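Protein chains in written order, with the numbering used here: chain A, 1 to 233; chain B, 1001 to 1218.
Rather than coming from a laboratory, the hints here were simulated on the basis of the structure. Treat the numbers as computed from the prediction; the structure is a model and nothing was measured. Among the hints, a few may not be true.
Straight-line distance between alpha carbons at most 25 Å, and here's what the computed DMTMM-like set of lysine to aspartate or glutamate pairs gives [claimed, not checked]:
| id | chain 1 | residue 1 | chain 2 | residue 2 |
| --- | --- | --- | --- | --- |
| 1 | A | K224 | A | D139 |
| 2 | B | K1153 | B | E1088 |
| 3 | B | K1153 | B | D1074 |
| 4 | B | K1125 | B | D1188 |
| 5 | B | K1153 | A | D139 |
| 6 | B | K1153 | A | E138 |
| 7 | B | K1153 | A | E136 |
| 8 | A | K224 | A | E138 |
| 9 | B | K1125 | B | E1189 |
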Amino acid sequence: MGWSGRALPWVAAAAGLSLCSGLIWGYFFTPDDIRQGSTVKIIYLHVPAALMAINGYLLMFVGALVWLIRRQHVSVLAAKAAAPVGMVMTLIALATGAIWGQPMWGTYWVWDPRLTSFLILFLFYLGYIALWAAIENEDTAADLTSVLALVGAVFAMLSRYAVLFWNQGLHQGTTVTMADGAQQDNISNVFFQPLLLSMAGFGLLFLTLLLIGTRTEVRSRRLKVLQARERME
Amino acid sequence: MIQLFLRDVGLSVRSGGGFGLALIFFLIVVTLIPLALGPDQTALAVVAPGVLWLGALLACLLSLDRIFGLDFEDGTLDLLVTSPLPPEAVYIAKAAAHWLTTGLPLALAAPVLGVLLNLDFETGKILCLSLLLGTPALSLIGAFGASLTLGVKRGGLLLSLLVLPLYVPSLIFGAQAVRLAGQGLTYDEALVLLSAISLGAAAILPFASGAALRINLR
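All chains should be built: construct the whole structure from the sequences, respecting the hints.
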């Protein structure tokens, strides 16, 4: 609680700064794409949100693992706080993708592997949050949701490859890669620099929301302990 | 463990046990599909593999909360978990009993119901095979979901929400195998992947589910 309270305003300020500058740079100071026109600019929301949606699940997985192994209460509360944020990020990625898809692909939604696996990821988030809400005893809820997060991670990976098998994609491949030899498909630097900035902004925004959520959870735990103690006396 | 398995099978076969309900539900789904989509034979043959797989999956889902629910309510499950039998074994016995009373009958009934949807017999055989290979995963995943939602009152809807995303890979591979077979293409790959999911679920989920049972009955 100590260091996170001191870090929070700085992280929040950094998030706001990089998000604003990245988005403003991206929206107003980059040229239109030759083929996509100005719709290309939705990338500054779509890609970072999608990135954070996946990282959110990863964070939940790690938090659940740490809780099951080391019984660290904070880690499971961080996982709990990450779930709604990750869910909203998934929703943003889906919504911006649909808005971009209408002029570009001629349709809001196609059953493409990437879109489908994101929809499934959304369902995983929903199930995790619903299980937290359904169980009253907090330690039981923490344990059971952690088990669900671990099994869910395995099945989320499985679904990812299953949908690739199921349908050929319309979604373009990744355009942000560091690997050698794949860079001819890469996004040009004009778009990449603001994109990097807004990715950092989304990452910091996620961290900010995560800190706030975790601190709230910790406080509500403490409050319950205090109330219980008062009732005892 | 075998005793427990036989007891569960016996309980579900006897009256009021829910055996047959899944089959009847499956029959009703298959009856309603042509009423909703129109009686065009060629169109029905196109959607038949997916519809039959989906029907089997929903029928399986229907009986999931019975796996642990009744035993949890009357306290039998507490005795089972405190007995020398590990909870993992309880889970395996119960999932196997569930498969024998729902998955197996569904798989055997599917080709017959496929005839109603203009699915030819050769494809029907593949459908039966794919359901035989795929329904163990459905039972295993379902029993895992049931062990997670034990303590939740009226957790039926929550159970569906948790379990359905986990069913995605099985559904994709199973329906894909039948579809490929219907088009005369090779379907081995899909069947192999389908059985891989079933075997993988049998390898991983007993531990996850055993942990969930221990947590719930602490």
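How the hints compare with the structure:
Annotation: proposed proximity of K224(A) to D139(A) holds, straight-line Cα distance about 13 Å (limit 25 Å). Taking the CA atoms of K1153(B) and E1088(B), the gap is about 23 Å. The hint holds against a cut of 25 Å. At roughly 14 Å between alpha-carbon atoms, K1153(B) and D1074(B) fall within 25 Å of each other, so this suggested pair holds. With a CA separation close to 14 Å, the supplied pair K1125(B) and D1188(B) stays within the 25 Å bound.
Restraint check for K1153(B) and D139(A): the C-alpha separation of about 18 Å stays at or below 25 Å, so the hint holds. Only pairs whose Cα atoms come within 25 Å are accepted, and K1153(B) paired with E138(A) is accepted, the gap being roughly 16 Å. Straight-line distance between C-alpha atoms of K1153(B) and E136(A) comes to about 11 Å, which keeps the hinted pair within the 25 Å bound. For the hint pairing K224(A) with E138(A), the CA-to-CA distance comes to about 11 Å; that is within 25 Å, so the pair holds.
Between the alpha carbons of K1125(B) and E1189(B) the distance comes to roughly 17 Å, so the proposed pair stays at or under 25 Å and holds.
Figure legend: structure checked against the earlier numbered hints; every hint is met.
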